[in-house]
Amino acid sequence: MSAVAIDPYATAAPSGRYLYRLGPIAKFAAPLPAMILLVFVRDLATPLAFLALAYLVLLTGARLTGRLALLLGVAIPAAAIVLGLGMAVWTDASRVDTSVTVLQIGGWHLYGGALMIGMATGVRLAAIIALAFIAGLTTAGPDLVRAAVQQLRVPYRIGYTALAAFRFVPRFGYELEVIRQAHRVRGAHVGRGPFSSLARWWGYIVPLLAGAIRHAERVALAMDARAFGAYPDRTERHLVPWRRRDTVFVVVFWLVSAGILTFFFPWTL
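Heads up, the sequence shown is in this note's numbering, so the first residue is 168 and it goes up one at a time.
The set of hints was computed from the structure by calculation and includes no laboratory data. For each residue, glycine too, the CB sits at the ideal point set by N, CA and C. Be a bit skeptical, because a hint or two may be false.
[Claimed, not checked] Label-pair ranges, simulated between beta-carbon atoms:
(1) Leu-388 <-> Leu-343: 22 to 32 Å
(2) Ile-380 <-> Val-419: 22 to 32 Å
(3) Gly-308 <-> Trp-369: 24 to 34 Å
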């Protein structure tokens, strides 16, 4: 039985959906102007249109997994509604007291104008989150670092140090599980309640930090042994080129964003 070597830094294999075949920088650059714009708009129609655009891109370009369905169908709408109602409740009533009363409890009134202001804020946040998911849900961290080094000319000393840091996260999870199993076998910190939980976590933190320091030292020695950072450029093993489809995606997304701004933003206000 032959062993197959797996390179943890290899470029992720493209999926059948088009978002996975696009470059990381293109997926971040396309929605960025819309996300910046949404910080400043205050109407309801513009963020609703951008939210619909983000949903359309995600549903057609990303794999519809259970996590994505939960995010799009439950988490984002719930966050928009909760934030919108909260902002509506805290809106100064004197600003909207000329609008219709939607809800009255004793002497307290919830006006339609306050509800519109609150929902505009909630939908605006939901649109920003959904636009961020276009790149966040379809891009691997190592691919983004590689693209930033090769296309944005980020110094490789910084980029590949961040790439090494990506490998710390799963390693920490593995070492934490090993430490937990060792504590269970030895019967350490047995008990219930908040103080026992705190004692258990303190027992995990110390060896976890010690392991992290040892691992960082090994990585630093390995990088020095390979003369990492001694030269201004390095030979790339995994290339992340900018392709024509990346340009097309960015240009089309920007044009659609400009159209949304043109037709939905209330320029007369």
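Checked hints:
no.: 1; hint: Leu-388 <-> Leu-343: 22 to 32 Å; result: holds (24 Å)
no.: 2; hint: Ile-380 <-> Val-419: 22 to 32 Å; result: violated (48 Å)
no.: 3; hint: Gly-308 <-> Trp-369: 24 to 34 Å; result: holds (30 Å)
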